[in-house]
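K.L.:
Going left to right, the sequence shown walks through residues -9 to 219 as this note's numbering numbers them.
If you're looking for bench data, these hints aren't it; they were derived computationally from the structure.
Think of the CB as a built atom: it goes at the ideal place given N, C-alpha and C, for glycine as much as any other residue.
Just so you know, not all the hints are guaranteed correct.
Label pairs and their computed distance ranges (CB to CB) [claimed, not checked]:
#: 1; residue 1: 77; residue 2: 180; range: 46 to 54 Å
#: 2; residue 1: 170; residue 2: 11; range: 39 to 47 Å
#: 3; residue 1: 78; residue 2: 47; range: 32 to 40 Å
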Amino acid sequence: MSGIGVLREGPLHAAVKDLCARPGDRAEVPMEGYVIDLVRADGELVEIQTGGFSPLGPKLDALLDGHRMRIVHPVAAERRIVRIDEHGEVLSSRRSPLRGAPLDVFDRLVSFPSLLAHPNLTVEVLLCREDHIRAPEAGRSRSGRRRRDPGQRRLVDVVGSVVLASPADAAALLPDALAAEPFTTRELATALGCRMVLAQRVAYCLRAMEVLADAGKRGRAPLHRRTAF
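Can you make the complete structure from the sequences, with help from the hints?
P.N.:
Structure (structure tokens):
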């Protein structure tokens, strides 16, 4: 049987699952060879996905046509880096300058962007305050690279959420300023205030959803235009 089980849960996954659970929900339910994080009383299947979406592909292929499914994806809108010693005592803490946003879900949607048009799929982005717990720096490896503890993400609070149930919901994340004229991916990055690689993934996903369409080129740069969403 495949899927995430209780023994493999990280603290963030477990905390978000507890937060999402409602009276009448069932947790860790076997279904058609998979394990579902939560099955709602109304039949909706809820999957908590803290990392990439690609591992969900086989589960979605098997279940989405016959069941309403919701992917809940936590994004760290605020993050504190906490270093602890081997006994779990806090050595230091600092606020990370990195701040996540709903757009970060496009980093994950690249695995199957067109599926957002499926009437049974909803993606919910939880904007969270998180503590990122790490061990002390472990020196350097033989190659000279600094050893880093990947750490654990721990939920502190949820400060908001964005629900994407259709390509139109994804289109609503684009600024109105991009509606009038074709634009390059670099102009998209500027308008969204995000890094170029994320803008490339946004453009790729929205093209797959037919929210954006080809509009020729400006020099060597491909142009995108908004469709009627």
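K.L.:
So, for every hint listed, does it hold in this structure?
P.N.:
Here is how each hint holds up against the structure:
1. 77 / 180: 46 to 54 Å: 47 Å, holds
2. 170 / 11: 39 to 47 Å: 45 Å, holds
3. 78 / 47: 32 to 40 Å: Given about 37 Å between the Cβ atoms, the range holds.
Hint compliance for this structure: no hint is broken.
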